[in-house]
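If you read the sequences in order, they're chains B and A.
Per this note's numbering, residue 1 is the first one in the first sequence, and the count goes up by one each step.
Per this note's numbering, residue 1001 is the first one in the second sequence, and the count goes up by one each step.
It should be emphasised that the hints constitute simulated quantities derived from the structure, not laboratory data.
Even for Gly, the Cβ is constructed at its ideal location relative to N, Cα and C.
Keep in mind that the hints are not guaranteed to be accurate.
Which stretches of chain A does chain B cover? Using the computed rule of at least three CB atoms under 8 Å from a CB of chain B, they are [to be verified]:
#1 1157-1168
#2 1321-1332
#3 1479-1487
#4 1513-1520
Within a straight-line C-alpha distance of at most 20 Å, the following computed EDC-like cross-link-like pairs (lysine to aspartate or glutamate) qualify [as the list claims (entries may be wrong)]:
#5 1012(A) - 1455(A)
#6 89(B) - 1506(A)
#7 1317(A) - 23(B)
#8 1618(A) - 1456(A)
#9 1336(A) - 23(B)
#10 67(B) - 1283(A)
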Amino acid sequence: MKMEGSEKEITLKIDGIEVNAKEGTSIFDVAKTVDIKIPTLCHNSALEPFGACRVCSVEITDKRGRKKIVTSCNYPVSEGLIVDTKSEKVFRTRQLLLELLLARCPKVKKIQDLAREYGIEKPSFWVGDPEEDCILCGLCARVCEEKVGVSAINFANRGVEREVTAPYHTISDDCVGCGACAIVCPTDSKKVRINTYPMLEEDIKEAEKQFLNGTRDELLGVHTEIFAAKSSIDGQDGGMATALLLSGFEKGLFDAAIVVKRTVGYKAEAIIAETADEILNARGTKYSRVKMMSKVGELVEKGKKKIAIVGTPCEVRTGRKIQQQLLSKYPNLEITIVGLFCFEAFDYDKLKEETKRLLGVDLDKAEKTQIQKGKFIVQIGGKEYSAKVKEFHNAIQGGCAYCNDFVARLSDVSVGSVGSNDGYSTVIVRSDRGKKLLENVDFVKGDVNKEDVIKLATFKKKRADKKFSPIIQGTQK
Amino acid sequence: MEPLNSSSDLEKLRKKILDKKDSKGLAISVCVSTGCKALGVQKVLEAFNVEIKKQYLEGKVDIKETGCLGFCEKGPRIVIYPEEIYYFQVDAKDVPEIISKTLINNEIIERLLYTDSITGKKARYLSEVPFYKFQNRLLLESNSKIDPKKIENYLAIGGYAALAKALFQMTPEDVMKEVKESHLRGRGGGGFPTYIKWESTRKAPGEPKYVIVNCDEGDPGAFMNRALMEGNPHSILEGLIIGAYAIGSHEGFVYVRQEYPLAIENMEIALKQAEEMGLLGEDILGSGFDFRVKIHKGAGAFVSGESSALMTAIEGKVGEPRPKYVHTSEKGVWDKPSTLNNVETWANIPLIINNGAEWFASIGTAGSKGTKIFALAGKVNNTGLVEVPFGISLRDIIYKIGEGIPDGKKFKGVQTGGPSGGVIPEQHLDSPVDFDELTKLGSMMGSGGMIVMDEDTCMVELARYFVNFLCDESCGKCTPCREGLKQANIILNRIVSGKGTEDDIDKLGKIAEVTSVASLCALGRTSANPVLTTLRYFRDEYEAHINEKRCPALVCKGLISYYIDPEKCQACMICFRNCPANAIIGEKMKIHVIDQSKCTKCGTCYDMCPPKFRAVQKISGEKVPPPIPEEERLVKRLREKKRD
Ligand SMILES: Cc1cc2nc3c(=O)[nH]c(=O)nc-3n(C[C@H](O)[C@H](O)[C@H](O)COP(=O)(O)OP(=O)(O)OC[C@H]3O[C@@H](n4cnc5c(N)ncnc54)[C@H](O)[C@@H]3O)c2cc1C
Ligand SMILES: Cc1cc2nc3c(=O)[nH]c(=O)nc-3n(C[C@H](O)[C@H](O)[C@H](O)COP(=O)(O)O)c2cc1C
Ligand code: SF4
Ligand code: FES
């Protein structure tokens, strides 16, 4: 339930202080206005209150004079309410809760510190796995569902077996690597990094160091070259993405590539291409996000050690994270990554619906779709139907607004359409591997407009920063 | 058929149904509920159909497939009308005889009558069966009279008259007044006054308002709600429609656990029939009142029955409890005002409207009115569903209806309130069954589970069992419940395995303290009850386990040993041959000895030793006497003979 303060002003007493507040606001929020600090573990003001950790317990006295322990993060205030945040019973309740939490997570500093404030140095209870670091506050799962909108990490199991994990305990296909889960986690738990791939700024820097080579630009990322090019392939723009993949394949840089192909109608799917023809047939952009990352794991399991991925910035990031993890187990694994510029992707079902609604045509019949100059263009039977991309906002994939990377900063080479003329692709080379891909590729160079790329990259980053700001503010680490 | 369009349409139809009934009223009702089904009633039913054809009685005898009357252990159960003769444990091969003798000639077949296991007396009428004699079956009685799949049957016993009365002779306020004055309290566990909940939803801002039936019934072993849903779904539906009318709701849900397929089927049929007749849907009986009902099938977990969890599940999300500082009656399903009541609560409504609040309030105690259905189980001679007026003593339920403890054992305690209820000991057996009295004793009414325990029950083990159940059934969302139960489970396991330490009781106390004040939902808040009540009434047992390493009830494997009394062993070789661990050393004529290092404490030897010898003993808290020397193992009688 959302905590909505109504317009009605009421008066209540917290620790003897009279406070005015809007009826229905949480005790926690009201207490903050008079500088009364209440510990919380599962609360983040950007998210709906959850009431799981119970550490924010306070004691209230109701109209009939009865005292009761309630959780302040979600107890709505009303006229005449009397709140005691420091009573003996409150202290005792928090003390016992913290002792239980410390027995669960004995090495977590945050819990140790808080427990110490309540007089607990060592739990008298049984300690299971001493490395356990998740207190099951659910913030990661909730931020991912409520805000980011992808549910890449969630609760599993009931009762004492409860845990947080990516669905099915395998590489999450939905994770966009935005890092929200890691940001909100009060204990910096390892759990959010098992099958999901939060890429915080420091993670990105580390990956850049590990895989890339060039000068670093805040917005364009690490790179050696940026130029416009047109290949002989009739691709989405200059066909460079496909040309680079074909070149790498022929040079033996990889023997399998994960590419994206239309299946039925406009529906797209990640497939494993093991021939040049299969790579070629996957050319052209499909503006929907597909499930791709679990394929990496599959290929490696099957014994493939030289793999290529082509994907949007979120896929590139998570791809790098997966590569880092796999490298510890398979040190000779080689992954080549071709990144695509991307401002946002669509959800197939929603896009189909909106295309029908806005353009009156069936997306599944599209020969080609394009985003150009702020317009979404659908070609059917040689005719073009279009409307402003903005109008398709209902169809945007969850997560895109939380992604701050436009140019696929962690790829070996990025390709996009912004920044070059029609029929050309903008290419950013970021690593030796990227350079190698480019060797002997047939293409014509064109003029590149770096400013256009930077403009969109800035715009995307700002949008993400704005989305993240309340979450970061609500985080109490 | 045309939907009924007025109260008089309904009465006309009712008259038509009653007139059509055979004047002789020859009928056989057969219970086809889950309990009797498991005992093979389907074969009995088939036999009746075959036999009726054979004896040219088609169309002359009404075979009714009815619901459950509660005495399932004595099923399959049938009733022969018009004489109302009850036969129990009927087999398909009894059928020809039942038809030719009882049905046609009113002749009683003695062996099929109920035989009192204690007095040996036969009971010809239900009122002579002790199990039924002391009940007051206001709700369950109809289960034996109607086929739940036929709305006409329900109409024949006066069904939907209460609805017509409410719609045409009463305002919603009148209905509210009646419910208020009946003092009806919820049967789902908490005993919350029904009127207050309804009034709160009625007054809460926000549309639509929802009314919901809770048939999650997660209490293990309980089946009161299932019996009503399977046997008389229309009575619940009628109550729900009346409630909706009073509250001002036009949409309802019936939440049923998936594990109740027959309940779901019968409720689906009931909804369809009621709709076709104009008793549900648009413009009910021409009154202008609209009301629709959907069935929601739930994944039957214990915690799913908790009100906020259930409502979250109806919204299509994972059914987990959520904070309820604003009551669900004001902000429930999709944050709209929602009244949730238990199956049994709803089923009481038509009775109250038909007979009046005054009548209802005349049954029971000052604080608890009407009847309550319990699922009587455990160490008691008669088990099954019993419906009793509030105020009856626990002793009467156990000793009069249940006819006491089997095998001459002593009563030790009774668990009420389900897994998070508590144990009530001998000294409180005369307490009246009443919401507030049970709470005072540290237990609770719950939804009606009642498990009787005899002297062979270990109270620490019992607490461990329930805590272990709750560990699996808690949703795991909030710290106290999840972590507290986990720790309590570890401590109790330690105690029953003989490794308990002195501070364990204090630790259990600490856990109880935090779970009961700080848990998010009532599961956690009541989860300490089994531990607290056993500690309150049987603390000495905990202490014996911890301090003396002794299980007084001789139950806990970690604390008992099996020992063969050399004076009593006759070297019959039975235990020797049956011991699955090969832990018994013995041969013909030689006293058997248990190799304690091999013994797994399965108790086979104890169970197998012929009662006339009783040589195997269970001991606890003391050292097993050393095995007698090899050379002295000749059995006693031979030793004596030798001496002679
Ligand atoms: C969802 C999405 C949004 C984009 N948004 C922008 C944008 O805002 N601005 C911009 O400049 N460029 C954007 N692009 C990139 C652009 O559309 C072209 O893909 C890029 O310029 C390469 O063109 P090309 O002719 O070289 O590619 P091609 O040679 O046609 O090859 C395209 C490659 O992309 C792969 N691919 C196609 N669809 C997907 C997908 N959904 N997920 C992963 N891989 C896929 C194919 O397998 C193929 O290998 C976007 C791409 C995608 C997939
Ligand atoms: C863990 C838990 C399980 C519950 N299970 C049930 C149940 O199976 N059936 C039920 O009617 N009420 C159950 N309840 C009680 C409901 O939350 C709710 O109080 C009840 O359905 C309200 O109906 P009543 O007022 O008619 O009793 C349960 C409560 C808890 C805390
Ligand atoms: S008390 Fe138990 S069941 Fe209830 S919300 Fe907390 S963890 Fe879940
Ligand atoms: S319950 Fe309030 S912060 Fe966790």
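Here is what the structure says about each hint:
| no. | hint | result |
| --- | --- | --- |
| 1 | 1157-1168 | violated (count 0) |
| 2 | 1321-1332 | holds (count 5) |
| 3 | 1479-1487 | holds (count 8) |
| 4 | 1513-1520 | holds (count 6) |
| 5 | 1012(A) - 1455(A) | 59 Å, violated |
| 6 | 89(B) - 1506(A) | 18 Å, holds |
| 7 | 1317(A) - 23(B) | 29 Å, violated |
| 8 | 1618(A) - 1456(A) | 12 Å, holds |
| 9 | 1336(A) - 23(B) | 19 Å, holds |
| 10 | 67(B) - 1283(A) | 48 Å, violated |
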